[in-house]
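J.: What follows is the residue order along each chain.
2 protein chains.
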Amino acid sequence: MPTILTGDRPTGPLHLGHYVGSLQNRVRLQSHHRQFVMIADMQALTDTEPAKVRANLLEVVFDYLAVGIDPVQSTIFIQSQVPELAELTVHFLNLVTLARLERNPTVKEEIRQRGFERDVPAGFLTYPVSQAADITAFKATLVPVGADQQPMIEQTNEIVRRFNALTGSSVLVECEALIPEQGRLPGLDGGAKMGKSLGNALALSASPDEISAAVRRMYTDRNHLRIEDPGQVEGNVAFAYLDAFDPDAAEVERLKSQYRRGGLADTTVKRRLEDILQAHLAPIRKQRAAFAQDPAGARNILLEGCVRARAVAAQTLREVRQALGIEYFA
Amino acid sequence: MPTILTGDRPTGPLHLGHYVGSLQNRVRLQSHHRQFVMIADMQALTDTEPAKVRANLLEVVFDYLAVGIDPVQSTIFIQSQVPELAELTVHFLNLVTLARLERNPTVKEEIRQRGFERDVPAGFLTYPVSQAADITAFKATLVPVGADQQPMIEQTNEIVRRFNALTGSSVLVECEALIPEQGRLPGLDGGAKMGKSLGNALALSASPDEISAAVRRMYTDRNHLRIEDPGQVEGNVAFAYLDAFDPDAAEVERLKSQYRRGGLADTTVKRRLEDILQAHLAPIRKQRAAFAQDPAGARNILLEGCVRARAVAAQTLREVRQALGIEYFA
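Chain order of the listed sequences is A and B. Using my numbering, the first residue of the first sequence is number 12, and each one after it goes up by one. Using my numbering, the first residue of the second sequence is number 12, and each one after it goes up by one.
There are no misleading hints in this set.
Because identical chains cannot be distinguished in the list, a pair is counted as satisfied if it fits within a single copy or across any two copies.
Below, computed lysine to any residue pairings styled on SDA-like, alpha-carbon distance capped at 20 Å:
hint	residue 1	residue 2
1	267	227
2	207	78
3	119	132
4	63	339
5	63	334
Hints are computed from structural coordinates only; laboratory data are not their basis.
Construct the complete structure from the given sequences, taking the supplied hints into account.
T.: Encoded structure:
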C-alpha cells in the first residue's frame, strides 16, 4: 500500500474548505493506503501561541472522527510527540542553503503575507525542512497538497536526493504531490481560500443557524440584481458550493444554464444549497457531538496514534543515523 | 557547584592551542565544577564529511584522558547521542529571527572565511541556536570561550530570556563567558590562531621529532638577523610559547630583556623552549599511547558519559516541553 502523509495545523476548528480540499479524500483513501494524519502543533507554534495550539488538539480529532477518518485505518498523531521529526529536521538543515530556502515561492509568499521581511523567525523560514522531515520520516510517497504547495514537495525531494547521494544510501524515499481533483473551495466572501483568520469560513461543527447565516451572506454575483437578469456562475460562491456538495450534478448544470440566461433567483439557488449543506452537515455535527462527549476516548486515539507513528519515525531515524555514520554505539 | 559546558569539534587531533586555550583549564576546573565536555560531532557535520568526524571521536577522547580530564569528574559525551539537543534546537529556532542570525558577528566572519555567502547551509547559519540548545540543556552558567565567541553567549542569553518570557517560566538559565586568563596561543607561523587546517599546529600527540621540527620552523623576529641585534618579543612565537609553558616566569622575563637589548640568539631561546615542550609533552604522549591501547575503555567512557548527559538534557527538555504546553500526555 502506498504511504500518505497528510495533516493540519491545530489553529482552529476545521471548516468546509478542509473538508472539500482534504478530509473527504482522506476518508476515501484510508482503506487502500497507509495513511498518517499529523496534527502539526510544532508547525503551528512557529507563529501561534501555545495555549491556542493546545486548546485545538482534541477539537481537530473530533472533526476527524466526525467526518469518518478511522483511527484504525489512519494513524492520527501529534507532531511534537514524535521527537524523531525534530532530530531529522536538524540533520536536514545541513543539506539546504539559506538561498534555497529564501527562493521557495510558497515560503516567500507566506513571509510577504505575514509582513515578516527579514524578521522572519528562523523556524518559519526553515519549515520546508521540517516538512521534509515529516514526510520522509514515514517514507511517504504521496503527499496531498494544493497546487501552490508543489514547491514544498520539490524541496523535500531535493533533500532526499542530497541525503542519499551524500551518504551513498537509499534510505530516504522521494514523494509526489497528490493534488485533489476537486479544486479549492472559495471562502464565503468569494476569496480564493477559506480561512478562519480570513473570517470567511464555515466550520464543520457549525450549528443550523450558523449554516443559514453563512449561506445568506454568501457571495454570488453582485451584478445579478433582478431575477430576470443574466447572472454569472464563475466566481459565484453558491454555485461553487453546489459543485462541491450537490449529489445531482446534472441538476446543478441545469441551474447554472438557467442562471446564466436569467430567470433564476439567488434566493432559489441559496435555498437549494442550504438544504444540501444542512443535510450534509447534520450527521457530521451529530457524530462530532457524540465524540466530543468522550474526550478521554479521543485522547487515547491520539496516544495510540503517537505510539504507532513514533515507531515508524524511529526506524527511519535509525537508518538515517546509520547512513550518516553516527550510530556509534549500535 | 557551577555548571560548565565546553567541548570540541572532532575534526582532527587536538593541539597545543587547544591545550593552552581550554584543556588545561578543564583539568583545573573539573574538581569544583559540574563539567560537561561535549564532542560536537553534529556541529562538525555542518561542514565536515561524516567519515572524518567518526574517525576522530576516540582520538579526541585519548587526548582528553592524556591531559588529565577525569571522566568521573567531567562528563564526556557526544552531541549526536543526546537527541534532546536537536529537539531543543528546533524549539529555539522559533525564537530567533533570520536577521538576528545574519547579524551575529562570529557567524558572519566564519561565513566570509568559508566563502559561503548566500550558499551558507541553513544548519551552519543556525548553529548559534544549536549552541544555545547545548548550553541550556545542561543549565550551564559558565561557558569557556575565546573573547571572539562572546556573541554566541549573547545569542544564547537572548534565547533564554525570550523563552522564559514567552512561557512565563524560569526554566532556562542565563550563562556567562569564561574567557581564559591565558591569551590564545599563536600558530607556529605567527598566525593569531593555531589550526590543523591552517598547517601551523603542533598536535598534543606529536613525536619528539615533530616537536623539534615545529620549534625549528617557529616564527621569531624576521629582522633579528645577528645575535647582537636587538630583537622583538611581541609577535615572537617562541616567546609566546615560553610564556605559556615555561614554569620559570622570571627567567622568561630576563630572557625577553636580553633579547630586546640584543645578544640572545634565536637558537638559544628555541633550545630552551624545545626542552620545555619535550618535557611537557612526553608524559602526555605516554599517557595517550597507554589510553590508545584500550579503545574499548575509551568507548565505555563515552557511552557512560552519553547516558549521564542524556539524563540531564532529557530533564531540561521535559521542563521546556511543559513550559511550552506540549507535554499533553505527561
